[in-house]
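Asker: Sequence:
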Amino acid sequence: MDDNSRLESLESRLSALETELQRLKTVVSSSFTSARGAGLPARSEADPAVPVLSPEPGPAVPSGPPRAKHPDAERRRPARRLAAWAALRRSGDLEAWFGENALLVVGLLALIFASGFLLKYAFDQGWVSPGLRVLAGLLGGLAVASYGERLHRSGMRRYGGGLVGAGAAITYLALWGAAGPYELIPPELGILALALVAGLVIASAVGAGTEYLAAVACGGALLAPILLGDAESASPNVLVAYTGIVAVGTAAVAVPRNWRTTIALALIGFFLIPTAMAGSASPLFLIPYIVVGGAASLLVARSRGWDGLYATAFVLAWFAVAVTASDADGAVAWLLAFALPVVVAPSFLGYVRAAESRPPAPTAEQALEDSPTRYFGLSAFAWAGVTLLARPGGPDAYYPLLLLVAISLLYVALGVRRQMTIPHAIGLAIAAWGVYAQLDGLGIPIGWGVLALLSATATRSGSLTKNRWVGAALAGLAAYQLLSVALAQRDLTESAFLGGSSFTLYFVVAVFAVLGGPLWGEPAAKGKLDSAVKLRAALWIAAGLVFLVGGTQEILFHFDRPGAGVESLVGNLTVSGFWLVYAGALLTFGFLRDIREVRVAGLVMTGLAIIKVALYDLTQLEALYRVASFFLLALIALIAAYAYHRRGKGKHSAINTEAQP
11 MDDNSRLESL ESRLSALETE LQRLKTVVSS SFTSARGAGL PARSEADPAV
61 PVLSPEPGPA VPSGPPRAKH PDAERRRPAR RLAAWAALRR SGDLEAWFGE
111 NALLVVGLLA LIFASGFLLK YAFDQGWVSP GLRVLAGLLG GLAVASYGER
161 LHRSGMRRYG GGLVGAGAAI TYLALWGAAG PYELIPPELG ILALALVAGL
211 VIASAVGAGT EYLAAVACGG ALLAPILLGD AESASPNVLV AYTGIVAVGT
261 AAVAVPRNWR TTIALALIGF FLIPTAMAGS ASPLFLIPYI VVGGAASLLV
311 ARSRGWDGLY ATAFVLAWFA VAVTASDADG AVAWLLAFAL PVVVAPSFLG
361 YVRAAESRPP APTAEQALED SPTRYFGLSA FAWAGVTLLA RPGGPDAYYP
411 LLLLVAISLL YVALGVRRQM TIPHAIGLAI AAWGVYAQLD GLGIPIGWGV
461 LALLSATATR SGSLTKNRWV GAALAGLAAY QLLSVALAQR DLTESAFLGG
511 SSFTLYFVVA VFAVLGGPLW GEPAAKGKLD SAVKLRAALW IAAGLVFLVG
561 GTQEILFHFD RPGAGVESLV GNLTVSGFWL VYAGALLTFG FLRDIREVRV
611 AGLVMTGLAI IKVALYDLTQ LEALYRVASF FLLALIALIA AYAYHRRGKG
661 KHSAINTEAQ P
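Read left to right, the sequence shown gives residues 11 to 671 (the numbering used here).
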């Protein structure tokens, strides 16, 4: 059989198959049509082999383990909500939504507040005794909740669930009054009663399956003591415990059902109400409450992958911790300092766990886009800031600096052990912050210089070589602090060139030299300068500038201080001489080592000296001083010119030798 015959046979078979598929489609369509018309499943008479599709549900199929969320699920949720809202507006059901939802919330909140204000007014007017008021609140709350449960069972799920939440809030309010302002029952018994009501709310919310119940109950219970003005007459510890029970009970309902609005409401109440009590509640009760609650909320939000709620919990937790630290002193400050690692742990461990799946040295853009990395850095600096705010040991003690050094060592150790650039940089930044906050005077540049040397020892090899800029930055800060602050504010009785400021200057210059390494190392190929070579050159330039500026200040300080016994003109002449000698040293070293950059620096320094001699020394200095200044300038300029001519002559001789046959 040739190819044409095979092709014709294949076409005929495909045509027959298409005809058969069209016949089956017609049969199935007629079967569904007859089944819908009779209200029963039907089978086609034309083809008994066609199966009947029954509308009756089959047996339940196990759903199996939950599917993993798509990485972009969190990002797509707001877009889906906006799309749903736009569809609601287009469908014309906006009026129904407002009547069924918004008005229900307003009505329930109004009912809760009206009940509370009625109890307060009855108390102010002395109508009934506190016991009867509490009893009326309990009965009213139970009545509203029972009616809501009845409506919920009859099919009005949202409306009934909202009434159950309102009844629970009124019951919370009554129990709060009994244990707080009215003091009818001990605070411990009141807390147990509130816990029991919270358990009932949880059970009812699980059965109702609606967010209204938990949100309304939580909001009403949290706001009632504040709006009624009874918080001041109650025990602050009882109020903190009450808030915790309400918020935790609500979160226990909302977390499994992903009710994020309700969770956010519970977080706000959990942290902000105790924060308002920070000055009056017992620190031994308040600090564990905030620390443990903050860590738990961060762990739950991280485990669920809720970035928005994680940010909310992070901000609220650290805000509460900072407010508590501002009022801490003595043993309370030490308790807070040792409790802070509990709040830091979720962000720290989350970063370490996430770092296992990414490069040890991510770029700056990758670090900013990565959520665990952002909170890792923010929690580290929040930890250091709260430690300085609490200041364990008193305002004049150095214990905060020791604590910050311990924190710094933790992060630096993580960075060095795993060759991770971000923890290394964060640790040194915290140590530098502690030095600036605790030390003063020459201690700041010395401390930053020591940190720069420590950073250099850790960034000599491996992935941490990318962090060589950290040591350079610390050395630059030390030089700026020394030249702009320390030397300008030095004691006039201090000795020049041999005093503490002078030796600090020499130390900072040595730090730059150590960080820069050998100045005469292997020359890089033209156009092939890598970042390490550029950084080394920048460090040596910085060392030269610090030595120049610091040396000039030392000379002026020596001649201008009281009791020096010399004229200021001598000081100006000495500065000119120092600049010219410095330029000559640079030129000499550049010629001996054949380093063009050093020779260029010497020429620049010579130019600055020429400008000073021409514009200042010529007009300000007197006869002999002026002669000495110009004579020294002439000497340096002629020696430099001679060196350049000798170098040029040597090059021309070499070229002529190569050109000869």
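Hints listed in this document are in silico derivations from the structure and should not be mistaken for laboratory results.
Hints may contain errors.
Said to hold, decoys possible - Here are the simulated distance ranges between beta carbons:
{"no.": "1", "residue 1": "Val362", "residue 2": "Ala124", "range": "31 to 39 Å"}
{"no.": "2", "residue 1": "Glu607", "residue 2": "Leu419", "range": "32 to 40 Å"}
{"no.": "3", "residue 1": "Tyr409", "residue 2": "Arg603", "range": "21 to 29 Å"}
{"no.": "4", "residue 1": "Ala416", "residue 2": "Arg363", "range": "41 to 49 Å"}
{"no.": "5", "residue 1": "Val325", "residue 2": "Leu359", "range": "17 to 25 Å"}
{"no.": "6", "residue 1": "Leu282", "residue 2": "Ala547", "range": "21 to 29 Å"}
{"no.": "7", "residue 1": "Ser313", "residue 2": "Gln32", "range": "17 to 25 Å"}
{"no.": "8", "residue 1": "Leu282", "residue 2": "Glu193", "range": "19 to 27 Å"}
{"no.": "9", "residue 1": "Ala416", "residue 2": "Leu199", "range": "18 to 26 Å"}
{"no.": "10", "residue 1": "Leu378", "residue 2": "Leu24", "range": "55 to 63 Å"}
{"no.": "11", "residue 1": "Lys544", "residue 2": "Ser471", "range": "38 to 46 Å"}
{"no.": "12", "residue 1": "Leu419", "residue 2": "Thr503", "range": "32 to 40 Å"}
{"no.": "13", "residue 1": "Ser292", "residue 2": "Ser471", "range": "51 to 59 Å"}
{"no.": "14", "residue 1": "Glu193", "residue 2": "Leu419", "range": "22 to 30 Å"}
Don't be surprised by glycine CBs; every beta carbon is placed ideally from N, CA and C.
Asker: Hint by hint, note whether the structure agrees.
Answerer: Hint check results:
1. Val362 / Ala124: 31 to 39 Å: violated (52 Å)
2. Glu607 / Leu419: 32 to 40 Å: Holds, since glutamate 607 and leucine 419 (Cβ atoms, about 38 Å apart) stay within the stated range.
3. Tyr409 / Arg603: 21 to 29 Å: The hinted range 21 to 29 Å is violated for tyrosine 409 and arginine 603, with Cβ atoms some 49 Å apart.
4. Ala416 / Arg363: 41 to 49 Å: violated (23 Å)
5. Val325 / Leu359: 17 to 25 Å: holds (19 Å)
6. Leu282 / Ala547: 21 to 29 Å: violated (54 Å)
7. Ser313 / Gln32: 17 to 25 Å: violated (54 Å)
8. Leu282 / Glu193: 19 to 27 Å: Roughly 25 Å apart at Cβ, these two residues keep to the hinted range, so it holds.
9. Ala416 / Leu199: 18 to 26 Å: violated (43 Å)
10. Leu378 / Leu24: 55 to 63 Å: holds (58 Å)
11. Lys544 / Ser471: 38 to 46 Å: The hinted range 38 to 46 Å is violated for lysine 544 and serine 471, with Cβ atoms some 19 Å apart.
12. Leu419 / Thr503: 32 to 40 Å: holds (38 Å)
13. Ser292 / Ser471: 51 to 59 Å: Because 52 Å falls inside the window, the suggested range holds.
14. Glu193 / Leu419: 22 to 30 Å: violated (50 Å)
Violated hints for the displayed structure, listed by number in ascending order: 1, 3, 4, 6, 7, 9, 11, 14.
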